[in-house]
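Chains as they are written, first to last, in our numbering: chain U, 1 to 85; chain Y, 1 to 321.
There could be a bad hint or two in this list.
Here are a few chain U residues that face chain Y, going by a calculated C-beta distance under 7 Å [what the hints assert, rightly or not]: (1) 5; (2) 7; (3) 11; (4) 12; (5) 15; (6) 19; (7) 36.
The set of hints was computed from the structure by calculation and includes no laboratory data.
Note that the Cβ used here is the ideal one computed from N, Cα and C, for glycine as well.
Next come the chains, spelled out residue by residue.
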Amino acid sequence: MKYMTNVERFAEARGFEKGQAEVAIKVLMRLLQRQFNEVPEEVQTRLQTLSVGQLEGLIDMALSAESLAAFVDRLPQAKPIELEA
Amino acid sequence: MPDRHQSAEYDSPWKTALEQYFPSFMQLCFPQVAVAIDWSKPHEFLDKELQKIVRDGAIGKRFADKLIKVWLLGGEELWLLIHVEIQEKKEAVFPQRMYQYNYRISDCYKQPVVSLAVLCDGNQSWRPTSFNWETLGCQIRFDFLMLKLLDYKQQWAELEQSQNPFAVVIMAHLKAQETRRNQQQRKIWKFSITRQLYEKGYPRQDILDLFHFIDWVLKLPDDLELEFQKELSEYEQEKEMKYVTSVERFAEARGLEKGLEKGKAEMATQVLVHLLQRQFQEVPEELNARLQTLNVSQLESLIDVALSAESLAAFADRLPK
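In isolation and in its complexed conformation, chain Y is listed as follows (with noise of 0.2 Å):
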């Protein structure tokens, strides 16, 4: 698969994890900022600002931004912007773009902003905290905070032991960087992540919610995936906290039930085209596009008129409006 769908698929559950843990996150991987924070007051998460910003500056979007008003505990309003960077391979724009959204927040909504950069890959000495330009004198420094997910690697007991959800979602990143091209590995991690929710008694929605990243970012082929699918069942029959399988068991229905139709329509149209050009060579383009738009059951009841129709025309006639 290539890198840019890589990105795209680790984008929106980073996003997601993000709003639904983000206390937890600030706790785990910004302590001195959390610190700073009144957490009893709510936090507010400013998506439609950050998006003026971004479409008036057609920045790129492989990444995983949020820009969220905090307060602190003297009392003053705080924006922070979390600029989660996905991809794998290090930018040299990178301090220009932390800088230039720094700079075009504050401009346009007059708001001092904290940047707080997560960087996701895989290169140990990439590790960039500022942007320095300098001309003739002419001097600009801008100093943003850091979090290397990679150096988590050396804590890993640590978080294996923390009750913050938000360690759950790095180790999960971080086994899904690890075992990229070893699948089996990445199986047992999947299951031994997923369990660590249950054995760390965190209450069901969370074990869902946490549980949907780890699916998404620990994608699996298709014969592990069902190994994995098999042995959570089971794991979970025998814990007897069946929340993810019940869960699946609607999702399941729910899947089954649109393949079914899918899956008829599909033939059916198939085997009319198909009865079509034995008889009459060419199908021409428009009808095959009505025949898209018809249900299975109107699809079926063609077939008869298909095989003793004298001519295209004859058949189009009788397709219902």
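Chain U with its partners taken away, still in its complex shape (with noise of 0.2 Å):
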């Protein structure tokens, strides 16, 4: 039988959002090291903690940004907690 069970439909929405959450993640590194050389560790894992909604409104403060400091100054709080499947 050619359909898409509800494990796979899931699954793929979960999948989906990781690999923005990824992409979003990299494209704000890379933002930010052009501007500031050496960004830490720790801002990375901060950006993980984020939903991909709160990444991408990050974006364009990444790019306006004066220092890395003020950019992390302004990181929002963990996402809120969400069902795992």
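Both chains are sitting in their own frames, so use the hints and assemble them into the complex.
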């Protein structure tokens, strides 16, 4: 039978978000490195706790931040708890 | 969800179930016909022959139909047309359509056809069994066999007892209909009917196939579906019959992988377009379309290009060919 099971559908949605977050973090790190050279590991760790929506919002912030410290200061708190599957 | 989609969703699991469990279906639903069939001879699904009729007639497609060749105990060939009417609203033209199908097939293939209607709707009183037309002493009368799935509600205990795999299909359908507005109840029934598959001791492949039908018609909202999956996986673990769980582990890996790639490409494109818009305002549709064709690593390597490009044209020049 050819159809996507619910398990597969759910997994795809989870994977989609994970993929989006991965690229967003990569881009953010790249933007920060371009401007401030060294970017400590902790920044990446902090970014990994954020949701896709939050990460998207940070791209403009990263482009206009006057310093790395200022950027880190304005990072939102970790994403709200989500259903773990 | 609109009714149209509803019936489309029920449509193909029905077809698959009919194909897979045809003898069981006949024995359970039309025993009076089943006894006349010689089951030791193979039956044959005449999809192409049916398609031709449907296309020619341009009749709607809101139902699952099967045309099947069987052999009678007397040795004659017989064609059966099974028409599963899935849609919820009763239709005045239905008996006429039953007549047209029967006539068209016998006309086109010179084969007598026995027509069977399976009505899946929830209307107790809609029970068409014939098409009649009469004008000035000229008359057509066409009788067909009809089964109302709703009637099985009164025989629920027998369905539960039955070893006939099609009983599971009917139970799942009835509960899907009954719990349309009560998702919590629907989850309970989904689990209960699925559990019966293991309790009745069906072989692994039957469990998987019947589960597909159940899973398809008893759709749950995401949160309840997750709860259901958890319960089922615990149940399978306890029973040491990891059928659905093990098949779905592959499905899960496949889904994750596919989602991951899509998510990455989606975000990379989005970021690129955003960066370009920041610098050059408008991003033309063609450029957008070209970005859609690139893979994730190509897109990622364009981020730096986008940040340092002097113009949109300069950026477009650097796109991979």
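Now for the hints, and whether the structure bears them out:
Because the closest C-beta pair between residue 5 of chain U and chain Y is about 5 Å apart, less than 7 Å, the hint holds. With 7 Å as the threshold, the beta carbon of residue 7 of chain U comes within range of chain Y, its nearest partner Cβ sitting at about 4 Å, so the hint holds. Interface restraint check for residue 11 of chain U: the shortest CB-CB distance to chain Y comes to about 3 Å, inside 7 Å, so the restraint holds. With a least beta-carbon distance of about 4 Å to chain Y, the hint placing residue 12 of chain U at the interface is held under the 7 Å criterion.
The interface hint given for residue 15 of chain U holds, since its Cβ lies 3 Å from the closest Cβ of chain Y, which is under the 7 Å cut-off. Hint status for residue 19 of chain U relative to chain Y: holds, with the closest Cβ pair at about 3 Å, below 7 Å. Restraint check, residue 36 of chain U versus chain Y: the minimum CB separation of about 14 Å is more than 7 Å; hint violated.
Violated hint for the displayed structure: number 7, the only one.
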